[in-house]
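Novice: This is what each chain is made of:
2 protein chains.
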Amino acid sequence: MKAVQLYYPPEWAHCYGCGYLNAQGLRIETHWHPERGESETRFTPKPYHTAIPGFVYGGLLASLVDCHSTATAAAAKAQAEGLSLEAHPLRFVTASLKVDYLKPTPLGPELLLVGRAREVKGKKVVVETELFAEGVLTVRGEAVLVQIGEGFGRSGSAPGGG
Amino acid sequence: MKAVQLYYPPEWAHCYGCGYLNAQGLRIETHWHPERGESETRFTPKPYHTAIPGFVYGGLLASLVDCHSTATAAAAKAQAEGLSLEAHPLRFVTASLKVDYLKPTPLGPELLLVGRAREVKGKKVVVETELFAEGVLTVRGEAVLVQIGEGFGRSGSAPGGG
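Sequence order for the protein chains is A and B.
When we follow the UniProt record's numbering, the leftmost residue of the first sequence carries the number 1, and every step to the right adds one.
When we follow the UniProt record's numbering, the leftmost residue of the second sequence carries the number 1, and every step to the right adds one.
By construction, these hints were calculated from the structure, which means they are not laboratory data.
The reader is advised that the hints may include incorrect statements.
For identical chains, the list gives no copy identity; a pair is met inside one copy or between any two copies.
In silico DSS-like links for lysine-lysine, alpha-carbon gap of 27 Å or less [to be verified]:
no.: 1; residue 1: Lys124; residue 2: Lys98
no.: 2; residue 1: Lys103; residue 2: Lys124
no.: 3; residue 1: Lys98; residue 2: Lys46
no.: 4; residue 1: Lys98; residue 2: Lys121
no.: 5; residue 1: Lys2; residue 2: Lys124
no.: 6; residue 1: Lys2; residue 2: Lys121
no.: 7; residue 1: Lys103; residue 2: Lys46
no.: 8; residue 1: Lys123; residue 2: Lys103
no.: 9; residue 1: Lys123; residue 2: Lys98
no.: 10; residue 1: Lys2; residue 2: Lys46
no.: 11; residue 1: Lys103; residue 2: Lys2
Just chain A, same shape as in the assembly (with noise of 0.2 Å):
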């Protein structure tokens, strides 16, 4: 299955935390589920994104939930409108981010993020996330999104920073 960010052209391909287009960058791959109207994110945080030692640094799980809630905004608002992402790419930037840091999260194993679309509203859709470490339940996301159109990144004048 083809992760949600690959559907996105060039010019929106370029984000640090899940541009397949950023050299640098963490390259976060989503996947939408239809059936079960869910996303899922993995991601094995490198050895130096730690905290305290042992522990996953708070920023990177900051942005393993934005880059996952942009990713599953757009599959859940594709879905919603009976578009394919193939035909119809869709590109959401962040408009707001609450990350709950339940338990600290084990650095080492593969970390597993499910979202789902609360709301789909017009160009806005809410995305609800849990972050599981070996099944464990550390940390709850969630995040306001805002589709952006394609003169984005030409004015300036929209708003979003995801």
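Given chain A, put chain B in place with the hints provided.
Specialist: Relative to the frame of chain A, chain B by itself:
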């Protein structure tokens, strides 16, 4: 003036965001102004820290708010207790992080984060942050920080992720 993070003892100085012992990290440094009760963090993103070309990646902005907030919490708590960080290094981790992306943040200029502790109560501190690019407020952050003790990182039982 010595940055707050440079008071952290070596076992707490590996953070990818702000640890002076993390060779691959961002080395975020935060300065505390006791007379104003405010912290300041200055950071210039790298060209690859992009979201949509021309704008700073939201995950990096969340990371800046995160480490800036943990340092602000340490300094504010030390001031509230009348302690010197030199003699009493304090270390906070993040329990919750909220970032509102009010406008796209331009990639290129140095960014300035200004923080204040809204609440200092026991081991908990709430920090509010404003992030400016060329004098324009683009991001607003709120973080809940929890002070950790000397045993943290050995037992792995304490809360927090930042």
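Novice: Between Lys123 and Lys103, at a C-alpha cutoff of 27 Å, which is it: within one copy, between copies, both, or neither?
Specialist: between (33 Å within a copy, 16 Å between copies)
Novice: If the cut is 27 Å between Cα atoms, do Lys103 and Lys2 qualify within a copy, between copies, both or neither?
Specialist: neither (32 Å within a copy, 31 Å between copies)
Novice: I want to check one pair: Lys98 and Lys121. Are their C-alpha atoms no more than 27 Å apart within a copy, between two copies, both, or neither?
Specialist: Both: 19 Å inside a copy, 22 Å across copies.
Novice: For Lys2 and Lys121, with the copy left unspecified, which applies at a CA distance of at most 27 Å: within, between, both, or neither?
Specialist: within (25 Å within a copy, 48 Å between copies)
Novice: Indicate which option fits the pair Lys103, Lys46 if close means a Cα-Cα distance not exceeding 27 Å: within, between, both or neither.
Specialist: For Lys103 and Lys46, the Cα distance is within 27 Å only inside one copy (19 Å; across copies 31 Å).
Novice: First find the shortest C-alpha distance between Lys103 and Lys124 inside one copy, then the shortest across copies, and answer within, between, both or neither for a cut-off of 27 Å.
Specialist: Between copies only: 16 Å across, 30 Å inside.
Novice: As a check of your reading, is Lys124 near Lys98 (CA-CA no more than 27 Å) within one copy, between copies, both or neither?
Specialist: both (16 Å within a copy, 18 Å between copies)
Novice: Within, between, both or neither: how does the pair Lys123, Lys98 come out at a Cα-Cα threshold of 27 Å?
Specialist: both (19 Å within a copy, 21 Å between copies)
Novice: Is the C-alpha distance from Lys2 to Lys46 at most 27 Å within one copy, between copies, in both cases, or in neither?
Specialist: Intra 24 Å, inter 29 Å, cutoff 27 Å: intra-copy only.
Novice: Using 27 Å as the alpha-carbon threshold, which applies to Lys98 and Lys46: within, between, both, or neither?
Specialist: both (23 Å within a copy, 24 Å between copies)
Novice: Quick one: Lys2 to Lys124, C-alpha cut-off 27 Å, is that within a copy, between copies, both, or neither?
Specialist: For Lys2 and Lys124, the Cα distance is within 27 Å only inside one copy (24 Å; across copies 43 Å).
This entry does not satisfy hint 11, going by the numbered hints stated previously; all others are met.
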